[in-house]
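Keeping their order, the protein sequence lines are chains A and B.
Each residue of the first sequence is one higher than the one before, counting from 3 in my numbering.
Each residue of the second sequence is one higher than the one before, counting from 3 in my numbering.
No lab work stands behind these hints, which were simulated from the structure alone.
Mixed in with the good hints, there may be bad ones.
Repeated chains share a single entry, so a pair holds when one copy, or any two copies, can fit it.
[Unchecked claim] Okay, derived cross-link-like pairs now, DSS-like style, lysine-lysine, Cα gap no bigger than 25 Å in a straight line:
1. K303 x K337
2. K333 x K228
3. K164 x K145
4. K337 x K228
5. K275 x K228
6. K303 x K228
7. K337 x K145
8. K182 x K290
9. K290 x K228
10. K333 x K138
11. K290 x K337
12. K290 x K145
13. K145 x K275
14. K333 x K182
15. K337 x K182
16. K164 x K275
17. K164 x K337
18. K182 x K275
19. K303 x K164
20. K303 x K333
21. K337 x K138
22. K145 x K228
23. K228 x K182
24. K182 x K303
25. K182 x K145
26. K333 x K164
27. K138 x K275
Number of protein chains: 2
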Amino acid sequence: MSRVERLPNGLVLALEERDYPGVAFQLLVPAGAVNEPEGLLGASTLIEGWLWKGAGELDARGLAQALDSLGVRRQSGAGLEYTLFAAAFLPEVLEEVFRLYALLLLNPRLPEEGFEAVRSVALQALLSQEDQPARKLFSELRKRVFLSPHGRDPLGEEESLKRATPEAVREDYRRRYTPKGAILAVAGGISWERLLGAVEPLLAWEGEEAFYPTPLLSEPHSFTLKRPTAQVQIGLAYSDVGPEDPRFYAARLALEVLSGGMSSRLFTEVREKRGLVYAVSAFPAGVKGQGLLMAYGGTTKERARETLRVMLAEMERLAEGVTEEELSRAKVGLKTALVMADESIRSRAGSMARDLYMLGRIRPLSEIEGAIEATDLRAVNAFLRAHPYRNPWVGLLGEVDDVS
Amino acid sequence: MSRVERLPNGLVLALEERDYPGVAFQLLVPAGAVNEPEGLLGASTLIEGWLWKGAGELDARGLAQALDSLGVRRQSGAGLEYTLFAAAFLPEVLEEVFRLYALLLLNPRLPEEGFEAVRSVALQALLSQEDQPARKLFSELRKRVFLSPHGRDPLGEEESLKRATPEAVREDYRRRYTPKGAILAVAGGISWERLLGAVEPLLAWEGEEAFYPTPLLSEPHSFTLKRPTAQVQIGLAYSDVGPEDPRFYAARLALEVLSGGMSSRLFTEVREKRGLVYAVSAFPAGVKGQGLLMAYGGTTKERARETLRVMLAEMERLAEGVTEEELSRAKVGLKTALVMADESIRSRAGSMARDLYMLGRIRPLSEIEGAIEATDLRAVNAFLRAHPYRNPWVGLLGEVDDVS
Numbered sequence: 003m004s005r006v007e008r009l010p011n012g013l014v015l016a017l018e019e020r021d022y023p024g025v026a027f028q029l030l031v032p033a034g035a036v037n038e039p040e041g042l043l044g045a046s047t048l049i050e051g052w053l054w055k056g057a058g059e060l061d062a063r064g065l066a067q068a069l070d071s072l073g074v075r076r077q078s079g080a081g082l083e084y085t086l087f088a089a090a091f092l093p094e095v096l097e098e099v100f101r102l103y104a105l106l107l108l109n110p111r112l113p114e115e116g117f118e119a120v121r122s123v124a125l126q127a128l129l130s131q132e133d134q135p136a137r138k139l140f141s142e143l144r145k146r147v148f149l150s151p152h153g154r155d156p157l158g159e160e161e162s163l164k165r166a167t168p169e170a171v172r173e174d175y176r177r178r179y180t181p182k183g184a185i186l187a188v189a190g191g192i193s194w195e196r197l198l199g200a201v202e203p204l205l206a207w208e209g210e211e212a213f214y215p216t217p218l219l220s221e222p223h224s225f226t227l228k229r230p231t232a233q234v235q236i237g238l239a240y241s242d243v244g245p246e247d248p249r250f251y252a253a254r255l256a257l258e259v260l261s262g263g264m265s266s267r268l269f270t271e272v273r274e275k276r277g278l279v280y281a282v283s284a285f286p287a288g289v290k291g292q293g294l295l296m297a298y299g300g301t302t303k304e305r306a307r308e309t310l311r312v313m314l315a316e317m318e319r320l321a322e323g324v325t326e327e328e329l330s331r332a333k334v335g336l337k338t339a340l341v342m343a344d345e346s347i348r349s350r351a352g353s354m355a356r357d358l359y360m361l362g363r364i365r366p367l368s369e370i371e372g373a374i375e376a377t378d379l380r381a382v383n384a385f386l387r388a389h390p391y392r393n394p395w396v397g398l399l400g401e402v403d404d405v406s
Numbered sequence: 003m004s005r006v007e008r009l010p011n012g013l014v015l016a017l018e019e020r021d022y023p024g025v026a027f028q029l030l031v032p033a034g035a036v037n038e039p040e041g042l043l044g045a046s047t048l049i050e051g052w053l054w055k056g057a058g059e060l061d062a063r064g065l066a067q068a069l070d071s072l073g074v075r076r077q078s079g080a081g082l083e084y085t086l087f088a089a090a091f092l093p094e095v096l097e098e099v100f101r102l103y104a105l106l107l108l109n110p111r112l113p114e115e116g117f118e119a120v121r122s123v124a125l126q127a128l129l130s131q132e133d134q135p136a137r138k139l140f141s142e143l144r145k146r147v148f149l150s151p152h153g154r155d156p157l158g159e160e161e162s163l164k165r166a167t168p169e170a171v172r173e174d175y176r177r178r179y180t181p182k183g184a185i186l187a188v189a190g191g192i193s194w195e196r197l198l199g200a201v202e203p204l205l206a207w208e209g210e211e212a213f214y215p216t217p218l219l220s221e222p223h224s225f226t227l228k229r230p231t232a233q234v235q236i237g238l239a240y241s242d243v244g245p246e247d248p249r250f251y252a253a254r255l256a257l258e259v260l261s262g263g264m265s266s267r268l269f270t271e272v273r274e275k276r277g278l279v280y281a282v283s284a285f286p287a288g289v290k291g292q293g294l295l296m297a298y299g300g301t302t303k304e305r306a307r308e309t310l311r312v313m314l315a316e317m318e319r320l321a322e323g324v325t326e327e328e329l330s331r332a333k334v335g336l337k338t339a340l341v342m343a344d345e346s347i348r349s350r351a352g353s354m355a356r357d358l359y360m361l362g363r364i365r366p367l368s369e370i371e372g373a374i375e376a377t378d379l380r381a382v383n384a385f386l387r388a389h390p391y392r393n394p395w396v397g398l399l400g401e402v403d404d405v406s
């Protein structure tokens, strides 16, 4: 079981104790592309890169060396809805790790002379997306799906990145790096008391309540990006229910029937029977307050039309319902995946943080298992009838003159 | 501790018992690109895809449904040196899982009518590589580095895939899907006795000793692939020592200094100080009997020359040795990574199988930790002096007229 408390400064702290020789955390800071100022798109990415240029008594090299000396395996990056700092390490260094992360978050130097390298890395990341056709397509698809800032790409935009000044980014850091809306989820072999002591330096963190816009969808439509790629990339988006909806598990099980294993409908119809693609899949891609299901396929120019047709048909066919056998396979598949993911403290810290962000609470494994078990064929098929997967946003990228 | 036995038919079976509610295995079948017949490149990929088209009493759909009903999370694919079948599931279905995998391996239907879809998927995979510049570059780099078949791409070649006949692929399956050279590594909450009972159906598997060619390197040289990509991709390859070499841990620690964390030399010099790239890394890329170190960077056309220069300089500078501080950080980093990876039974089954393939035995965690600890500064720097990272194979992909 996990314990959750909101600390006096607003930071939400959660721990799941595990008898295991390691500790993992995920820290979500409420600074993402969705709440960037208009005109400063990509600021979250710039801030995250800039933070590592030194904090408190440590310069960039000192900070990196200090964490590497403690054996902290870490990742961080700005995303659509928040900036994520993830770390895993051995329990004996817990206090020193949080002292350093508190320095990073509360007392970064944000030095003038490091800014150009940060900007340059951000521009490189944006440029590298141009060589990744599937990623490029889904970035554009999200832009089309949302009227609200939820369609933004966390990498930012070239013009905006080029125009950003150190002053504006510093100011944005001060506003959006706030504990009110931040979440720290920890899993591993330490006690609640020890954790509370270790995060003490984070209590000095102060700030306003985080701001989040309301998601707003556009009218579904189609678009094409003409590119001289070898394959044609196909992306679909459908409005869906999110984890806060009582029908969530019905939707999740239907997705498993659609794309959960080698016997799933998309894999069978698109790849196994027809050999249309190497990769095809459907996956949840929603934001807080707005569920979204997306589907992907990549194929030749000649087979793009047929691939699109089969994908659309399989999505639509869900409204006719799934079979008892399909549902039973979907339940076994989801439950096994749950058990396997739960094995890892890093993955557990991740799902704890995600639950706290999306739902404001952590679902115990037993609750999820119970809810999957309790969702019967009637419930799934009633949901699918009432919520048909029709009328999607459709995006194509490639040499696509002949598809429409 | 793990237990290893060679079964009467030649299959090497290993188990590491864990008190954990799940089981994972990796099965290595000695059919990879390296031992494909000359005019049948890509055959390993075709076989692996074709196997799933039905086995014993089950057709393709029946086979996929049977495994999905048991909740088996699985992956499989043909690689350079072997074909890998990986699976994770709950212990209660152990016997049935191995019964199904034995069907797949020993009694596949390899039906004529499924062959064209398999070929088509393989061609799609090859085509999709054309849209992935970094992958394309490293595929070409390996082709250049090896004179032996170790330079082949497991995806095969277009002409060869198009010409392959069902008969030739069936014949190749019979020859190369052999237990003599196959490895089955299992980790999880089951006993040795139970495992032995469960794998019984695999005992009927028979075949000749697997064939592996000896790796042979070319003379280091440079090449460019001109492509209209947004970024220029840079790939380097250096001959290195493998895990069978007594100097392996010295080399591994040097690699950690070079590219192990945010304070590593490549990250600091190429990305943090100069902002030349978004991603830069060095990684082991050897085969059995031939160690290899590769390095990657992606940057703009304008900064490609400088990026290449800095990468080469950092590699060469290793010969001057690393510092006591760098080594100590590298040791902590490697040891923490070991503990974290050991947490997962899937990752443990993977390293067991890899050890058995590369070394013929499984290194206990304590042995690796001990060897890392025992490798002192003298040993690392003596290795680096005697084995300088100079004179690499250099590959560039992009609009690279101005680099040389």
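Next on the checklist: For a quick check of understanding: which of the numbered hints are violated here, in increasing order?
Outcome noted: Failing hints, ascending: 1, 2, 4, 5, 7, 9, 10, 13, 14, 15, 17, 18, 20, 21, 23, 24, 25, 26 and 27.
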